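A.B. asks: Chains as they are written, first to last, in the UniProt record's numbering: chain F, 1 to 289; chain X, 1 to 282; chain V, 1 to 481.
Derived from the structure by calculation, the hints contain no laboratory data.
Everything numeric in this text was worked out from a predicted model, so none of it was measured.
Check before you lean on any hint, since a few could be wrong.
[Claimed, not checked] Simulated crosslink set (DSS-like; lysine-lysine; CA at most 30 Å straight-line):
id, chain 1, residue 1, chain 2, residue 2
1, V, K110, X, K158
2, V, K230, X, K232
3, F, K243, X, K158
4, X, K19, X, K31
5, V, K97, F, K108
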Amino acid sequence: MRFRGRLVDVACIQHFTRVVSTISKLAKNYVLRITPDKLYFILNDSVTSGGISIWCEMIQANFFDEYNMDGVSAEFNEIYLDIIGENIMRALKSAQSAKSVKVKLTKKHTPCLTFDVQLPSLSVSSRNVVHDVPVNVIARRLWEDYQEPPMPEFDISIYMPPLRLLRNVIDRMKNLSSYVILSGNGNGEMNLSVETDMVSVTTHFRDLSNPTWNKDGELEESQYEISQDGQSQNFVSARIDIKKFSNFLIGQQMNPSKVICNIVHNKVIHFFLIQDDLSLQYFIPVISL
Amino acid sequence: MSLSTQQGDEDGQYVLIAKLDNARNMSNILKAIHFKEMATVFATANGIKVTVEDSKCIQANSFLQAGIFQEFILREESATFKIDITVLLECLNIFGSSTLPGATTALKMCYGGYGSPLILWLEEGGVLTDCTIKTLEPDEVLDFNFSSTNVINKIIMKSECLKEAFSELDMTSEVLEILMSPDKPYLRLSTFGNAGSTHADYPKDSDMVESFQCTQTQTNRYKLSLLKPSVKALTLSNKISIRTDCRGFLSLQYMIRNDDGQICFVEYYCSPDEELDENDDR
Amino acid sequence: MKCIIPGNNVRVFGKAIHCLSKIGEDLYIEPLENGLALRTVNTSRSAYACFMFAPTFFYHYDDGKCQNDTQQQEKENEDDGKFKCKITMKSCLSVFKSLPTIEKTVEKCKIKLNFTDARLVFTLLCKHGITKTYNLTFQETESLQAVFAKDLCPNKIVAQSKLLCDAVGNFQTSQEEVTLIVSPEKVCLKNYVDDEPDPNKVMHTEMSLLPEEFDDYTIGLDTEVTFCLKELRAILTFADACYQHVSIFFETIGKPIVFALDGESVFEASFVLATLAEPGSTQNTTQVQPAPTARRTVSKTESQKKTTVASKKTPAHESRSCDGWNDRHNGFNNTSNQPDRPSAFSERNSPRQNLKMAGDAGPSRMPDIVARIPDGREDDDCSNASSESFTFQGKIGIQTSGNKPECFNVQIGEGDTSTVDIHIPSGDEDEFDFIPSTPPTKKFKSMFFGSSQSQTNSSQNETMVKPTTVLAEDTDEDDSD
Numbered sequence: 001m002r003f004r005g006r007l008v009d010v011a012c013i014q015h016f017t018r019v020v021s022t023i024s025k026l027a028k029n030y031v032l033r034i035t036p037d038k039l040y041f042i043l044n045d046s047v048t049s050g051g052i053s054i055w056c057e058m059i060q061a062n063f064f065d066e067y068n069m070d071g072v073s074a075e076f077n078e079i080y081l082d083i084i085g086e087n088i089m090r091a092l093k094s095a096q097s098a099k100s101v102k103v104k105l106t107k108k109h110t111p112c113l114t115f116d117v118q119l120p121s122l123s124v125s126s127r128n129v130v131h132d133v134p135v136n137v138i139a140r141r142l143w144e145d146y147q148e149p150p151m152p153e154f155d156i157s158i159y160m161p162p163l164r165l166l167r168n169v170i171d172r173m174k175n176l177s178s179y180v181i182l183s184g185n186g187n188g189e190m191n192l193s194v195e196t197d198m199v200s201v202t203t204h205f206r207d208l209s210n211p212t213w214n215k216d217g218e219l220e221e222s223q224y225e226i227s228q229d230g231q232s233q234n235f236v237s238a239r240i241d242i243k244k245f246s247n248f249l250i251g252q253q254m255n256p257s258k259v260i261c262n263i264v265h266n267k268v269i270h271f272f273l274i275q276d277d278l279s280l281q282y283f284i285p286v287i288s289l
Numbered sequence: 001m002s003l004s005t006q007q008g009d010e011d012g013q014y015v016l017i018a019k020l021d022n023a024r025n026m027s028n029i030l031k032a033i034h035f036k037e038m039a040t041v042f043a044t045a046n047g048i049k050v051t052v053e054d055s056k057c058i059q060a061n062s063f064l065q066a067g068i069f070q071e072f073i074l075r076e077e078s079a080t081f082k083i084d085i086t087v088l089l090e091c092l093n094i095f096g097s098s099t100l101p102g103a104t105t106a107l108k109m110c111y112g113g114y115g116s117p118l119i120l121w122l123e124e125g126g127v128l129t130d131c132t133i134k135t136l137e138p139d140e141v142l143d144f145n146f147s148s149t150n151v152i153n154k155i156i157m158k159s160e161c162l163k164e165a166f167s168e169l170d171m172t173s174e175v176l177e178i179l180m181s182p183d184k185p186y187l188r189l190s191t192f193g194n195a196g197s198t199h200a201d202y203p204k205d206s207d208m209v210e211s212f213q214c215t216q217t218q219t220n221r222y223k224l225s226l227l228k229p230s231v232k233a234l235t236l237s238n239k240i241s242i243r244t245d246c247r248g249f250l251s252l253q254y255m256i257r258n259d260d261g262q263i264c265f266v267e268y269y270c271s272p273d274e275e276l277d278e279n280d281d282r
Numbered sequence: 001m002k003c004i005i006p007g008n009n010v011r012v013f014g015k016a017i018h019c020l021s022k023i024g025e026d027l028y029i030e031p032l033e034n035g036l037a038l039r040t041v042n043t044s045r046s047a048y049a050c051f052m053f054a055p056t057f058f059y060h061y062d063d064g065k066c067q068n069d070t071q072q073q074e075k076e077n078e079d080d081g082k083f084k085c086k087i088t089m090k091s092c093l094s095v096f097k098s099l100p101t102i103e104k105t106v107e108k109c110k111i112k113l114n115f116t117d118a119r120l121v122f123t124l125l126c127k128h129g130i131t132k133t134y135n136l137t138f139q140e141t142e143s144l145q146a147v148f149a150k151d152l153c154p155n156k157i158v159a160q161s162k163l164l165c166d167a168v169g170n171f172q173t174s175q176e177e178v179t180l181i182v183s184p185e186k187v188c189l190k191n192y193v194d195d196e197p198d199p200n201k202v203m204h205t206e207m208s209l210l211p212e213e214f215d216d217y218t219i220g221l222d223t224e225v226t227f228c229l230k231e232l233r234a235i236l237t238f239a240d241a242c243y244q245h246v247s248i249f250f251e252t253i254g255k256p257i258v259f260a261l262d263g264e265s266v267f268e269a270s271f272v273l274a275t276l277a278e279p280g281s282t283q284n285t286t287q288v289q290p291a292p293t294a295r296r297t298v299s300k301t302e303s304q305k306k307t308t309v310a311s312k313k314t315p316a317h318e319s320r321s322c323d324g325w326n327d328r329h330n331g332f333n334n335t336s337n338q339p340d341r342p343s344a345f346s347e348r349n350s351p352r353q354n355l356k357m358a359g360d361a362g363p364s365r366m367p368d369i370v371a372r373i374p375d376g377r378e379d380d381d382c383s384n385a386s387s388e389s390f391t392f393q394g395k396i397g398i399q400t401s402g403n404k405p406e407c408f409n410v411q412i413g414e415g416d417t418s419t420v421d422i423h424i425p426s427g428d429e430d431e432f433d434f435i436p437s438t439p440p441t442k443k444f445k446s447m448f449f450g451s452s453q454s455q456t457n458s459s460q461n462e463t464m465v466k467p468t469t470v471l472a473e474d475t476d477e478d479d480s481d
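Please take these sequences and the hints and turn them into a complete structure.
C.D. replies: Dropping the structure here:
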């Protein structure tokens with residue numbers, strides 16, 4: 001098993017850091033899956049994660065200048081590593097103004113992802129910081145636990161308003177309640193609502209649009225056509241943990257081009273964040289009353 | 001959807017309707033008295049007064065005069081209720097509390113009379129939020145009986161010079177002692193904490209002092225933990241007036257200028273610390 | 001005592017207080033003839049800091065010898081010494097709480113001893129005629145002094161504070177200790193990983209720098225030293241705020257490391273940190289000295305001088321001048337060959353006689369700083385500590401001989417020859433709030449008190465010193481690659 005990659009562009013390093021930072025806010029531990037073309041950050045919906053799942057894929061070529069890997073075998077040319085987000089973030093923190101960052105899988109006392117950061121310096125040669133982040137290699141037989149979750153059979157799919165607007169509102173709603181009800185309809189309307197004994201607050205977002213999905217579960221650019229019968233006015237909702245939702249909104253730092261919210265009434269919300277070279281899916285289960 | 005077009009017909013049911021183009025003009029004034037969770041709201045034709053009290057020793061009042069509202073309608077002589085001011089502030093700041101220029105939140109506030117909730121509609125950038133806040137039976141508000149005729153000493157000064165002194169008060173001291181005198185040190189704020197005593201002296205001829213009318217030397221002590229929250233009002237205000245009466249009661253009045261240049265007042269009343277009272281000859 | 005600090009220096013003074021407050025809980029204040037000394041030591045006695053403000057730092061500086069204040073004068077004369085006290089850091093911080101505000105509004109700061117009311121009075125004279133007075137309670141005490149000699153250290157690095165700040169920024173804020181590894185070719189900083197919980201689960205960070213990055217880089221002895229990062233951060237925060245470069249003096253495992261700042265002759269600061277007595281690096285240690293007498297001397301050039309400086313009688317040259325250090329061809333051994341160098345220590349020959357070097361004895365568990373209690377006879381050989389005083393002996397070689405403490409001298413200020421000793425007022429244990437019930441979990445033993453935290457006995461021969469038989473190399477964690 002071998003992995004060696006290098007990032008040389010400051011913009012790529014910072015972008016990569018923002019992605020890792022977003023994932024690390026969503027989950028403490030997660031899985032990094034390395035394949036020849038893509039990198040994946042995965043969290044499966046276990047009890048420990050509170051029912052949350054994450055599936056993030058990035059096209060490695062858009063970040064790495066050099067990239068070489070050999071998986072566990074020729075047939076299964078992939079590597080799965082269990083990592084602690086906080087540690088990777090610390091390593092990347094050093095790299096924000098770096099000349100280059102090399103990432104490789106190494107074996108020190110324990111398997112590590114080693115980040116070798118070349119920093120600019122006053123003298124002719126570089127300064128160099130090396131971070132060895134311990135990781136666990138996940139055995140081949142466990143790989144099936146880390147497959148892409150299927151697209152849910154959603155009742156509603158809607159493009160979200162700018163995440164920073166949502167974030168401002170959720171930050172205040174967090175102080176009122178632990179849960180928020182997110183609802184949307186086929187008419188480009190979305191509501192956020194909290195309710196306690198003392199107060200009920202609802203924020204209404206209008207003039208959003210609804211995406212179209214084809215049979216293969218892929219996004220199309222045209223109007224959402226499925227419900228023409230006036231039912232598009234009906235709201236579909238789900239009650240979720242406000243803190244987990246708030247964590248997702250941090251994804252705004254990645255400057256996504258689209259963020260889609262798919263709601264399965266009273267079951268789960270599936271967020272789909274799309275950017276040029278990556279996509280992030282985040283599943284939050286409903287908290288029933 | 002703008003606030004003015006919605007529910008025009010239903011407005012008839014409300015006892016109080018108030019509209020503000022900039023919700024911050026109200027939320028800032030309320031922040032200045034936010035040291036307890038519950039507040040009493042008292043509306044008259046003159047405007048709205050919000051009162052917060054603690055321990056029967058300290059009372060803070062915010063005045064939102066009718067003139068600062070774009071529209072102010074009261075269909076009864078007065079209306080009063082108790083409300084959770086923490087919740088009210090979260091609602092008023094629902095779109096974020098950053099002070100970005102140009103991004104203002106418009107507010108419409110309605111109250112249907114005894115037993116009804118307070119309803120708020122807030123709008124910013126095309127996004128609308130409606131809030132329904134429960135109201136409670138109002139408590140009797142203290143009357144500190146502070147009258148200008150009994151004022152012994154009065155000083156008006158710029159708030160900025162007192163801000164750090166108040167923020168840095170030694171909290172290990174039980175009391176804040178205020179000395180006001182026609183003679184030196186003129187105005188002295190003192191604390192007596194674990195590390196020793198601290199004095200901050202403000203001379204009457206300082207350029208921070210706008211008006212100095214002290215007739216008698218008075219030294220009074222007040223519970224520091226009760227007065228400390230007044231630093232919020234100090235931070236928001238431009239000027240402060242400090243007055244004491246013959247009983248040693250303290251009145252602090254803060255002049256706050258809002259985004260639109262309008263002036264609002266906040267006042268704090270505090271009774272002197274009891275221990276000292278016992279020694280007074282009255 | 002009375003002194004007045006001009007407005008633009010109040011900021012520096014305030015920053016010094018903040019820096020000291022991150023190290024110790026009590027601030028020891030001593031007005032000396034050559035300046036005002038502010039010192040502190042941490043609760044585990046493994047870090048000592050001293051700021052010395054020269055009279056030129058002040059508008060007015062009166063260390064108490066002034067004739068005017070006769071009442072105070074009489075008292076001070078009685079004690080045959082100047083006024084010395086300690087105040088809690090908390091109370092001093094209350095004066096300098098908000099540095100930005102102080103910078104903007106304070107025009108002068110007066111520090112005065114109010115003898116009658118037993119208060120140390122800090123008065124801030126601010127703009128707009130506002131005056132803030134702080135009457136702080138104090139405790140009279142003997143002076144807190146450390147004895148250490150930076151000029152005896154074979155290794156010296158001078159760096160811009162910004163460089164060190166950048167380097168240290170690569171380590172997480174919760175990182176407690178860091179290991180500095182030096183050789184003539186390069187410098188490494190590594191995070192120190194404790195044995196538990198599980199070193200395999202912890203992230204390892206290592207930063208390498210080349211000697212060219214430093215203003216001065218003299219390595220007489222390849223070594224690695226592990227010390228507390230938190231204290232270094234406090235030092236660098238101060239240094240960076242005042243655009244200082246930092247001079248670092250150190251020797252080897254277990255010996256203290258000294259960080260010195262030089263404020264253009266109006267103030268100086270020295271920080272002495274204990275270093276771990278066992279190798280912290282997981283890499284091959286290059287410096288361990290197996291042989292009691294041989295000492296590896298690898299310097300930037302090929303000085304292969306004699307190993308021990310121990311027996312030399314000649315005092316070291318002035319630590320202030322960099323000349324000797326800059327003379328890289330000779331390394332620090334040079335000092336012993338230049339008896340004619342002007343020396344601040346010429347009057348202090350005797351303490352030096354007992355100097356021993358790292359190689360003289362087997363590695364031991366204790367860092368070595370000798371605390372010497374001035375008992376009025378400053379020139380005395382510190383091995384002659386009287387019953388009123390006691391000497392802590394650091395490790396190195398001391399165990400074996402047991403009664404030959406090492407003494408280091410440091411000078412403060414230009415040409416100053418006063419010894420700065422760690423002075424523990426003998427017999428008055430109540431004064432110290434050491435924590436006998438909490439033995440150190442780490443191997444940083446008290447620099448000043450030796451291995452046990454409880455220094456209930458002041459006998460100099462008391463063993464803080466546990467005999468050790470372990471040779472450092474055997475305990476090396478094996479390296480990974």
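A.B. asks: Does each hint hold? Answer for all of them.
C.D. replies: We went through each hint and held it up to the structure:
Our distance criterion of 30 Å between C-alpha atoms is met by K110(V) and K158(X), whose separation comes to about 26 Å. Distance check on the hinted pair: K230(V) and K232(X) sit about 34 Å apart at the alpha-carbon level, beyond 30 Å; violated. Of the pairs offered as hints, the one joining K243(F) and K158(X) is violated, with about 42 Å between alpha carbons and a cut-off of 30 Å exceeded. Only pairs whose Cα atoms come within 30 Å are accepted, and K19(X) paired with K31(X) is accepted, the gap being roughly 19 Å.
Simply put, K97(V) and K108(F) have alpha-carbon atoms about 46 Å apart, too far for the 30 Å limit, and the pair is violated.
In terms of the numbered hints stated before, the structure departs from hints 2, 3 and 5, listed from lowest to highest.
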